[in-house]
Structures are given as C-alpha cells and as structure tokens.
Amino acid sequence: MPEAATLPTRRDEAWRYADADYLSNAHPDVVNHWRVLDVPAGETRFEYTVHRSGPESDGMVDRVRVHVGKGGRFEAFKVITGGRYARVELEVTLEEGAHFEFGGVTIGGGEKTQEFVTTTLHAHPGATSNQTVRAVQWGQATGNFLGEIKVARHAQKTDAAQDFKGLLLESGASANAVPQLEIFADDVKCAHGATVGELDESARYYMAARGVPPELAQRLLVQAFIGDAFVELGDEATREKLLDAALEVLEGRV
Amino acid sequence: MMLRIDDLHAAVEGADGSQPILKGLSLEVAAGEVHAIMGPNGAGKSTLAHVLGGKPGYEVTAGTVEFRGQDLLDLDPHERAAAGLFLGFQYPVEIPGVSNVQFLREALNAQRKGRGEEPLSGGEFLKLAKEQAALLKMDMEMLKRQVNVGFSGGEKKRAEMVQMGILNPAFAVLDETDSGLDIDALRVVGEGINAIMRKPGKGVLLITHYQRLLDVVKPDRVSVLADGRIVQTGGPELALRLEEEGYDAVMADA
Chain A
1 MPEAATLPTR RDEAWRYADA DYLSNAHPDV VNHWRVLDVP AGETRFEYTV
51 HRSGPESDGM VDRVRVHVGK GGRFEAFKVI TGGRYARVEL EVTLEEGAHF
101 EFGGVTIGGG EKTQEFVTTT LHAHPGATSN QTVRAVQWGQ ATGNFLGEIK
151 VARHAQKTDA AQDFKGLLLE SGASANAVPQ LEIFADDVKC AHGATVGELD
201 ESARYYMAAR GVPPELAQRL LVQAFIGDAF VELGDEATRE KLLDAALEVL
251 EGRV
Chain B
1 MMLRIDDLHA AVEGADGSQP ILKGLSLEVA AGEVHAIMGP NGAGKSTLAH
51 VLGGKPGYEV TAGTVEFRGQ DLLDLDPHER AAAGLFLGFQ YPVEIPGVSN
101 VQFLREALNA QRKGRGEEPL SGGEFLKLAK EQAALLKMDM EMLKRQVNVG
151 FSGGEKKRAE MVQMGILNPA FAVLDETDSG LDIDALRVVG EGINAIMRKP
201 GKGVLLITHY QRLLDVVKPD RVSVLADGRI VQTGGPELAL RLEEEGYDAV
251 MADA
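Line by line, the protein sequences are chains A and B.
Going by our numbering, the first sequence wraps up at 254, each residue one higher than the last.
Going by our numbering, the second sequence wraps up at 254, each residue one higher than the last.
Hints are computed from structural coordinates only; laboratory data are not their basis.
Hints are supplied without guarantee of correctness; some may be wrong.
[Unchecked claim] Computed spacing ranges between beta-carbons, pair by pair: (1) A:G172 with B:S179: 35 to 45 Å; (2) A:D244 with B:T61: 43 to 53 Å; (3) A:L199 with B:V216: 54 to 64 Å; (4) B:D71 with A:D244: 31 to 41 Å; (5) A:P28 with B:S99: 48 to 58 Å.
Predicted, not measured: the structure shown is a model, and the values here were computed from it.
Glycine residues also receive a C-beta, built at the ideal position from the N, C-alpha and C atoms.
Please work from the sequences and hints to get the whole structure.
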C-alpha cells in the first residue's frame, strides 16, 4: 500500500500519543489535510469550536495553519468532547507584534484519546502568545497537550506562555504534556507549566458538609478547573456555550 | 434529645495505618442547649467533629449516633447537612474558581430540594445572603469572591458563620471557630453564633480550647474530652475551672 507511507505513525514525535488504530485505518488525505487561515495585519480572527463526535465515529483530525500579520491577533477557544481519537492541531506563525491566544479543553472518558497539538512560531520581534489547556479525563481516556514554541534568532522581546493542567477523575485515565521550546533569541520571556492531579478531596468534603451532593460538587469543581481555559474569552455567551458543551459530557457519571 | 452519641469508637486512617482516636465517647445535647467540648490537644475533639460530618477516612468501629431521631452514621455527608447538621471547620477549605454566592446558593437549594422545598431564586438568595453577611459585619463584596481564597484566618471563620446564617441549620458542630480570631472578631463571631443558633429548637456543640469564646457564647453544659472519651460534664463553671487550674488538675479530680 503506497499511500500508507504518507500516514504519520506514533514514531513521529508529534503523534507519539495518538491512537494507533485510528492512524492505521485513516485515509491519508484526511489526516494530512491542513486548513489555511490568514489574519491580515492589524486585524483579529476568532475560532470557537466544540469538536464532538457520535458514538459510531472512530475519530477526527482538524489541522489549521494560521499566519498572523503584523500587529494582528488570532484567538482560538476549543473544546474536544469527541473520540475515539480526536486531534486538534494549530500551527501559528506570528509577525511582528502579533498575538496568539489559545484556550483548550479536552474532556471525556471511555477509551478516548483527545489531544491539542500546537506549534507557535515567533518569527519576528515583539510577538506574544498565551496558551491555556485543561484536560479532564476518566475511564481509560487520555488527554494530551503537545505544545511547541519556536523563537527565531531576531525575534527579540518575544513573550510566550503555556500552561497545562490535567484532572483525572478516575485511576486508569491519564494526561500527557509535552512542552517543547526552541529559542534562538536572547531577550525573550517563555513560561510553561504542567501539572496533573485529582479532584480535591477536601473541597469535595467541604461542599458535602454544606449539603452539595457529590455529582453537583464534581460539576462545580470541574467547571472551575476548565474555566481557566476561557478566562481570556471576552464574549460571555460564547464562554457559557463552550463550558456547557464541556460539562454536558460529565452528566450521568460520578 | 437532638444529638445522642453512645459509646462511639472511631479510627482515623493515617500514614501508619488506622489509628483509634475515639474510645467509647458518649454525649447528649438537648434542643435549646449550647454544649461546649473542651480538652487538651490530641484528645479527639476535631475527630469527633469530622466523624459527625462523615469525613472520608474517619471510620466508626463501634457505637451509635442518633440525630433528630435518625441514624446519623447511615447518612452521606451531604444528607447530614440536609437533615439539619452544620459543621463549622477549624480550617475552612479554599475552592478556587467557585464564588461564595454560587457555592452557597447551590448548597442551600440542594438542601431545600432534599427536604422537598422550592429552590430560592437568585434575588431571594442575594437578599438572604446580604442580611447574614451584615449580621457578621462582612462586606457583601467578599461573598462575590472565590470561596475562602485569599481570606485571612479570621475572615475564613467569619465566612463560616455567614454560611451558617444562610443555611440556617438546626444543629451546629463548631470546631475551634475561635482560633485565628482577634478580640473584636471573636465578639462578632460569638454574637453571630448567638443570633443564629440561640433558639428553642436548635442545638450547638461548641468545640474550643479556650474560655474566651465561652464568655460571649455562654454554654449551658461543658464536657471535658480526654483520650477519646468524655471524662467529665458540668455547668459553665467547669470551663472556668479548666481555665484557672488546667486540664491535668481538673481531670485528676474526675
């Protein structure tokens, strides 16, 4: 099969946590397809997306290559609730003084593998980027964030931040963070952090002691946890919509 | 009898395995009564509070607890709250991302639902919250902030009492509510306890180290807890004797 050769495998660094079954059965045209978005200088473009999939679906891959012109701004706020394999990949190139804002949430159980993969190219001076990803998983599910930041040699005054937190509701679920920084300029700020934890037992007990039943306590705590990813989303109605879509998949499980 | 504890034995799971803390504790609190529990460090005062609250990791190995005619130990923590039990925490828990207003409205309405009552509307709840915050001289702005996040020790204790006022329980177990309070705050909190709980159908179990809170909230009965058991019960004069002579002297007479 000659076309199989063009499919990525888990030996590729950027696909190391991908679902192997999905990859081996996928069509290369689907997996290798990139959408292209051009943000003109000084302008702003948004993407707000909920990536769902039905129970029959074996997965989806959405890849977008974005070029942000001088002083422009690209904002992406995305929720992945689907599976069994769901991958959202963003490759963003920033011109001088441009900004990339990203908030992502993976949430799901079962056998799902859900991941965000970002490559941020600070190609010119004074560009900024801020990425906040939260993963909430249960069952045997996995949530991943592979975030690569590349700062070109002359891209001084770059300010790039990346923050990942995973919340595992059951043992058996997992979360992976792979930050990768390639910095060739010397006057830059790059901050990244990654933690994985469980629901705060003492908070759950405290809420119960005030009469909040376990399923509601969990919803409130998960809502607070994923809310971080949408702090920079200005439009309240959109923020509510994304939060609701994420919390919907929690219903009926405790 | 509102609360009847009979021959209670309980163990706490720790790093070194399960440790017996309560060793045959018996105690009764009648409606209309404020009953103070005093005792040296390590006697089991906080363990008693958490066993009554149903904290995970606190295992009852023998004995019974009857609360308003129900088997308390048979109820989940949130059901105990709905049954009218309030536990004031020695160390109130911080819940980042959840506001006091949201938390308490969810808690109150969950309790009301458990009792078959209609939920309060947003407006009704805010009116109630404002009244109760004013009673404890707490700024309403603080209730809009995240639960206990960034509160000083004294503010946390004051917030506990605002919560108690809003939830309006039949019975309160207050675990060292006086710790971390300066003299002025102590008076405010003590008067808050009186205003909320000094009613014919209500009862309080007031766990404390010191006489100073008892100067404001005058107890009807005082019990001394030592090594997991009640070793002496008397009137308010017992607390004064403890203050003057110390635990060792009083217990030597017991």
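Right, here's what the structure says about each hint:
For G172 (chain A) paired with S179 (chain B), a C-beta distance near 40 Å keeps the hint of 35 to 45 Å intact. Distance hint check: the CB atoms of D244 (chain A) and T61 (chain B) are about 45 Å apart, consistent with the given range 43 to 53 Å. Between L199 (chain A) and V216 (chain B) the CB atoms are about 38 Å apart, so this pair departs from the stated range of 54 to 64 Å. Judged by the Cβ atoms, the range 31 to 41 Å given for D71 (chain B) and D244 (chain A) holds: they are separated by roughly 39 Å.
The given range of 48 to 58 Å is respected by P28 (chain A) and S99 (chain B), whose C-beta atoms sit roughly 49 Å from each other.
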